[in-house]
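As they're listed, the protein sequences go chains A and B. Residue numbers for the first sequence follow the working numbering, so the first one is 1 and each next one is one higher. Residue numbers for the second sequence follow the working numbering, so the first one is 412 and each next one is one higher.
FYI, nobody ran anything at the bench for these hints, they're computed from the structure. Some clues are possibly wrong.
Result set (DSBU-like, lysine-lysine): computed pairs, CA atoms no more than 30 Å apart in a straight line [unchecked claim]: (1) A:K250 to A:K365; (2) B:K656 to B:K680; (3) B:K557 to A:K335; (4) B:K680 to B:K754; (5) A:K353 to A:K391; (6) A:K79 to A:K391; (7) A:K97 to A:K391; (8) B:K656 to A:K250; (9) A:K335 to B:K656; (10) A:K250 to A:K97; (11) A:K79 to A:K98; (12) A:K335 to B:K680; (13) B:K656 to B:K557; (14) A:K365 to A:K79; (15) B:K680 to A:K250; (16) A:K250 to B:K557; (17) A:K335 to A:K79; (18) A:K97 to A:K350.
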Amino acid sequence: MITRRDFMVSGITATGVGIIVPPVFAKSVFAATIEDVHNDNVLVILQLGGGNDGLNTVIPHADPAYLQARPTIGIPADKVLPLNAAIGLNPVLPGMKKLFDAGEVAIVQGVGYPNPVYSHFEGLYIWEHADPSMQQTEGWLGKLLASQLDSQGHPLTGCALGQASTPSELLAQNATVSVIDSVPAYQVQGGAGRRVAAPALYRKTPGVYGALFDQALTTAEYGIAALGDSQSRYTPSVSYTPQSTVYGSKNSLATSLQLTAEMIVTQPSVKICHVVLGGFDTHQDEDTRQNALLAYVDSAVSAFMQDIANHGMADRVVLMTWSEFGRRVVENGGKGTDHGAAAPVFVVGKPVKGGVFGEQPSLTKTVDSGNLQYNVDFRSVYQTLIRDWLKADPTAVLGASFPELPIIQTA
Amino acid sequence: MGNANLKLSRRQVLGVAAGGVVGAVGFRYLTLQLPGAGQPVASAAGAGGAWASPLSTRAGLAAHLLRRATFGYTAAELDSAASMSYPDLVDLVVNQQAQPLPQVADATNYQAVVRAWYEHMATTTAQFPERMTLFWHGLLTSDYRKAARLPFVLQQNELYRATGRSDFRTLVNAVTLDPLMIRYLDLEESTASAPNENYSRELMELFTLGVGNYTETDVREGARAFSGIRTVLVDANGQRIQPPKLQGSTPAAYVQALQQLISQGATFKGVLARAQHDDGVKTFLGHTGNIDPAQALDIVLSQPACATHIARLALVQFCTPAPSTSLIDSVATQFRNSNYDIKTLMRAIFTNQAFTSPDAYRSLVRGPAEYMVATMRALGSPSLAAMCVPSGAAMDQILYDMPTVAGWPSNQGWVSSGAWLARLNFAAGVVVAQRGFPDPVDAVHTQLDGVVGPDTAAVFNASQSDGDRWYALLASPEFQLK
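With these hints in hand, go ahead and build the complete structure from the sequences.
Structure, rendered in structure tokens:
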């Protein structure tokens with residue numbers, strides 16, 4: 001296996017495929033060996049878009065207040081997959097239970113921040129920018145990429161997969177991001193002439209968008225070359241089952257995670273991969289909708305973790321889930337829940353120290369008339385992953401220090 | 412979310428600064444030397460890395476307006492527009508009367524509706540009403556997903572076309588009772604005993620006021636005010652009738668029964684079901700009383716923030732990616748003082764110095780739908796609409812299926828490595844599908860104002876066929892901008 005260090009030291013030819021490197025990157029790759037963090041650890045971010053209901057994901061089945069608040073959508077104690085005497089997983093999460101039992105899932109309870117917001121877009125902004133005051137203009141992963149993981153702009157260090165636009169978490173000054181919906185589509189189509197003409201149209205575009213356009217095309221050109229033979233170097237070892245019909249989900253998480261595995265297996269430079277599944281804004285019919293979405297997450301993440309392990313890379317990969325908020329404790333009239341506050345975060349992978357961390361927030365001593373009080377700042381999770389997993393400096397990214405969580409195994 | 416939507420990357424900030432300086436110094440009086448027909452295309456990039464603005468010329472300004480207020484133009488349409496004074500042209504554009512969408516064979520098939528809409532965008536001479544239909548679709552968002560086998564997408568599309576240039580008060584009242592919106596933001600099951608907050612929140616946060624102009628209490632009280640809205644089916648005389656039953660029927664029989672009712676003039680509409688409505692006293696945005704949906708909307712529209720919010724969003728789509736506070740306030744004041752007249756809003760934008768100044772030239776990025784329809788119009792090929800739905804997805808714009816209730820990205824938000832490949836590949840597919848090309852050198856003048864950067868000029872001039880030349884034009888950065 002070629003390590004990231006090998007790759008950085010010897011440059012692009014380390015992939016052994018003789019691809020053409022745009023001069024800007026050839027220079028960068030060597031320069032990067034001096035400044036950047038070097039290890040083979042990869043962080044996968046799984047965004048659950050719309051506000052996942054934490055209380056029906058990790059269920060406080062022993063608390064009578066739970067079923068009182070959720071008379072129609074509550075999941076009774078005899079149905080949950082118990083984690084301990086107090087809490088259990090939604091029964092559609094058997095794969096996550098299995099990983100938990102194997103010690104590969106850290107469930108951080110009650111994750112949030114002070115003075116919670118109930119707007120999707122403010123909540124997203126806060127999580128994406130690691131800033132409850134909403135003053136920061138750069139995404140936390142973008143900052144991390146630009147300042148420590150990839151200061152020279154290697155295009156396949158930060159990747160947004162199974163989507164078409166750059167997630168705000170990855171946007172920052174000098175952060176170069178490859179946005180790849182699928183490898184077969186990540187091509188210049190139309191023949192050899194187009195493959196020459198397309199990038200040639202974008203070498204030095206005038207005007208305010210010039211650098212942005214040119215960077216997009218240069219990034220694409222590089223990625224196309226690097227991925228040219230990836231399908232011959234990666235075969236999925238498990239069956240990823242795409243489900244395009246899950247309520248509200250607009251992309252296939254299984255396909256995105258299979259692409260993530262392909263990127264990790266074939267591209268030594270990859271450090272950050274972002275995937276997303278939407279549809280969690282369950283104001284109505286949460287019982288059927290959230291269950292379908294969580295079941296899909298369960299099967300896709302299980303397949304991904306197994307595939308990564310089968311490729312001998314289990315020691316290299318940690319996956320974190322997040323959502324812009326949890327949901328209101330008391331259900332509404334449409335078998336749904338409205339926007340809420342704190343919720344659990346899952347950190348998954350062999351390098352993870354499994355268990356339940358943080359406290360389940362009280363269902364009765366709530367904030368803002370019926371929302372869960374956080375007890376772990378979400379930036380504690382970020383800080384732990386930056387320092388203990390990616391071995392980078394979190395202070396430069398977060399601007400302050402937060403209590404760390406013992407969720408990553410030490411050596 | 413504050414200024415998040417307005418954020419420019421560092422590269423763009425640097426670019427804006429450079430462009431601004433150069434524009435102020437040199438471009439206002441620049442005369443372009445354009446090659447004649449059949450001649451190679453010359454590079455006409457300006458100094459300092461900015462585009463050489465042609466907006467001081469009548470033709471240049473007319474083309475600029477048509478790229479923004481419409482989905483593009485043919486050479487003949489540009490000639491006609493350039494023959495008018497700019498104020499007359501703006502008046503002509505904003506006063507266009509909408510042309511109805513041609514009949515869609517299956518009103519319950521949203522993909523057929525979207526395809527018909529793409530064709531209509533490409534063919535209607537009433538371009539501005541169509542552009543406004545897309546603008547409102549991106550602002551007062553709804554997706555198709557909860558309206559399976561119902562004609563709600565078509566009805567909302569027709570509503571925005573018919574009402575999208577009237578006044579915002581009429582539009583927002585109609586939207587609140589629109590069946591697709593009722594489904595999309597969960598009004599349908601909101602009851603007095605358990606009001607659903609989804610519509611109340613997004614109405615204020617995204618559709619009218621913006622964050623910071625209401626409280627969480629207003630969201631909850633607003634949900635009470637909007638409780639009890641239901642969708643009913645009415646016949647051509649407005650009399651309520653029973654919709655066909657899906658249960659116990661086959662999907663085909665159900666669709667057929669529904670289509671028959673629709674062909675006889677039946678439509679769905681939202682009504683306030685008093686029995687389901689919370690008629691208690693609420694305190695909403697500082698007003699206390701037994702507030703119903705219409706009164707709640709009056710209260711929302713009485714907030715000064717409403718005109719400001721709409722003006723800002725319209726400016727980002729039509730004028731400048733980062734409008735200044737004074738520009739927003741100036742446009743918002745005219746909009747507010749006109750009692751939310753949408754034509755007044757758009758005329759205020761199109762005639763603003765921020766719209767006509769050299770800095771405005773190519774300062775916006777065409778959205779995927781705009782880019783694809785402009786392509787069809789430049790080539791005169793509306794049949795390419797079949798390509799637009801899958802290609803739009805790869806560029807991150809699926810009509811009636813936006814990523815979130817906040818709609819789509821804008822300007823720099825459209826730019827990513829994958830989305831840009833999808834744009835180039837759309838151009839590649841188009842030139843394969845196209846039979847017979849208009850003169851590409853003429854098109855560089857009409858579509859790109861003859862202002863092309865050195866890269867595009869080089870690729871264009873090296874091209875061996877009209878197909879290759881059109882590919883260079885359509886895939887060029889110049890054509891992606893407006």
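Hint check:
1. A:K250 to A:K365: 36 Å, violated
2. B:K656 to B:K680: At roughly 18 Å apart (the allowed maximum being 30 Å), K680 (chain B) and K656 (chain B) satisfy the hint.
3. B:K557 to A:K335: 16 Å, holds
4. B:K680 to B:K754: Status holds; Cα separation ~26 Å.
5. A:K353 to A:K391: It holds: about 16 Å lies between the C-alpha atoms, which stays within 30 Å.
6. A:K79 to A:K391: 40 Å, violated
7. A:K97 to A:K391: Cα-Cα ~28 Å, so holds.
8. B:K656 to A:K250: 28 Å, holds
9. A:K335 to B:K656: 23 Å, holds
10. A:K250 to A:K97: 26 Å, holds
11. A:K79 to A:K98: 16 Å, holds
12. A:K335 to B:K680: 24 Å, holds
13. B:K656 to B:K557: 17 Å, holds
14. A:K365 to A:K79: Within the cut-off at roughly 26 Å; holds.
15. B:K680 to A:K250: 28 Å, holds
16. A:K250 to B:K557: 13 Å, holds
17. A:K335 to A:K79: Given that 30 Å is the threshold and the Cα spacing comes to 18 Å, the pair holds.
18. A:K97 to A:K350: 14 Å, holds
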